[in-house]
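Top line first, the protein sequences correspond to chains A and B. For the record, in the first sequence the residue sitting at position 32 is 32 according to the working numbering, with numbers rising by one throughout. Basically the working numbering = 1-based index in the second sequence + 267.
Think of the hints as simulated: they come from the structure by calculation, not from any bench. Wrong hints could be hidden among the right ones.
Stated by the list, open to error - Result set (EDC-like, lysine to aspartate or glutamate): computed pairs, CA atoms no more than 20 Å apart in a straight line:
id, chain 1, residue 1, chain 2, residue 2
1, A, 164, B, 396
2, A, 164, A, 203
3, A, 164, B, 491
4, B, 310, A, 224
5, B, 431, A, 129
To be verified - Selected chain B positions facing chain A (in silico; Cβ < 8 Å):
id, residue
6, 320
7, 411
8, 518
Where is the CB? At the ideal position from N, CA and C, for every residue including glycine.
There are 2 protein chains.
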Amino acid sequence: MANVVEIDDPADPRLGDYRDLRDVELRKHVEAEHGLFLAEGEKVVRRSVQAGFTPRSFLMAPRWVAGLADVLETTDAPCYLVEEALAEQVTGFHVHRGALASFERRPLPSVAAVLDGARSVLVLEDLVDHTNVGAIFRSGAAFGFDAVLLAPRCADPLYRRSIKVGMGAVFSTPWTRLPDWYDALPSLSAAGFTTVALTLADDATAIEDAVAGVDKVALVLGSEGHGLSRRWERSADRRAIIPMRAGIDSLNVAAATAVACYITARR
Amino acid sequence: MANVVEIDDPADPRLGDYRDLRDVELRKHVEAEHGLFLAEGEKVVRRSVQAGFTPRSFLMAPRWVAGLADVLETTDAPCYLVEEALAEQVTGFHVHRGALASFERRPLPSVAAVLDGARSVLVLEDLVDHTNVGAIFRSGAAFGFDAVLLAPRCADPLYRRSIKVGMGAVFSTPWTRLPDWYDALPSLSAAGFTTVALTLADDATAIEDAVAGVDKVALVLGSEGHGLSRRWERSADRRAIIPMRAGIDSLNVAAATAVACYITARR
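Excised from the complex, chain A in its bound form:
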């Protein structure tokens, strides 16, 4: 059973995991250095525990304890009880979903482990937006994708906002970082995947044709602003485009991914 501790000093060092949650740059450092991630809201906290992550601590206003009692029973981590005004002071925003928890990250699996048995994979290059990363995990899960691989500089799926938007898909879908950016796609080809890069390149074919009849597919997606790097675009086995009305620049990357996943799932 979690040890419930009331805290009324916003400077209490035990609240360190929860400081300044809206400061994305600060949080990236804090969470990487301490090997933690934050879950927000009763549902996400519960899913994190169910996914087997070890809680470092919980933080909530007294009225949220009952709803998470079953979760708190399963752990020895401390549960810090604070007034809502203090929670807002520490985190920098109004925690309207009530409960927060800090979890230990786990070592990332190897690429081989993530790909084992997979038939449909998403490969994300340098996406910077956590909302997009979460939405892409969710769309991938909805259309039966088995795994997600991230380039070294892609935004973190365990960032609070990614987890929330992903609705748990970042826990249920195996994922890892690609150790080698340059040869990432040739390595996937060598592992038996047909890599299909979504791009507006001149030699792109309609994605329906690019994935038709292919067994193991890796859909490759670029960043919000500039799309794929030239290296990834050219080292993919195929370049594909989602047919759109003439004159429209493109879909946003999360929308394009949803459509591409739908099409690929029906190949």
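Given chain A's structure and the hints, the job is docking chain B onto it.
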């Protein structure tokens, strides 16, 4: 030619249109009462002018004037020059895209005018998120949808964030508010549209089948949290679902709309 005016007092009342841009609730009132909307960034400002909206004023740091000189030449509206720190003080955020402009809203067209000649229409019930509204306009435009209709309580397409995420689609796609929530869908049916509600209802059929061979289609989408109201769900001609892997709750509404638009465009 715009009248360029330097301002160094953050309390100057001429900056009223630009105050507290991150305060969504405040801005909703301000913009409705004064009949204005805000455009952010050189590209969006330019598109607003090209779409024929009348500028009330511009606000920018001196270094952004040259890039918008062609736009400023076309108008008599004042252009307020401010230092970047003052812009941040007034607006409440760092204006990294440089230029802001305030435009007069125009009277909304009638539903009949928006539907005239349209074959594919999106109908949004009570979406609350401006990002989703903008993304949906963008996806609709990409897949050749001709118009968007909004329930009385749907979030505003001319809100700054909607415009930005929509990448200009909120200007290029005809849209208006439905005056009558209750009979909105039967009215569309009477106008010759087959209304297809996206829903998880038990009697929903696969969307590919629901739109197959239909001439004039209205795709009907519900809010982020609770989906469609029972009234809209039941008063639609057809209920449709995007086939997904078992056990996944759903896609987010912007992703679902992108997929639904793609499918409907190919009917």
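How the hints compare with the structure:
1. Distance restraint check for residue 164 of chain A and residue 396 of chain B: the Cα-Cα separation of roughly 15 Å lies within the 20 Å cut-off, and the hinted pair is therefore satisfied.
2. Between residue 164 of chain A and residue 203 of chain A the CA atoms are separated by roughly 37 Å; this puts the pair beyond 20 Å, and the hint is violated.
3. For a cut-off of 20 Å, the pair hint linking residue 164 of chain A to residue 491 of chain B stands: about 13 Å separates their Cα positions.
4. Our distance criterion of 20 Å between C-alpha atoms is met by residue 310 of chain B and residue 224 of chain A, whose separation comes to about 16 Å.
5. Using a Cα cut-off of 20 Å, the hinted pair residue 431 of chain B and residue 129 of chain A holds, with the two alpha carbons roughly 15 Å apart.
6. Checking residue 320 of chain B against chain A by beta carbon gives a least distance of about 20 Å; that is not within 8 Å, so the hint is violated.
7. The interface hint given for residue 411 of chain B is met, as the beta carbon of that residue sits about 4 Å from the closest beta carbon of chain A, less than 8 Å.
8. About 5 Å separates the beta-carbon of residue 518 of chain B from the nearest beta-carbon of chain A, less than 8 Å, and the hint is met.
Hint violations for this structure: numbers 2, 6, all remaining hints satisfied.
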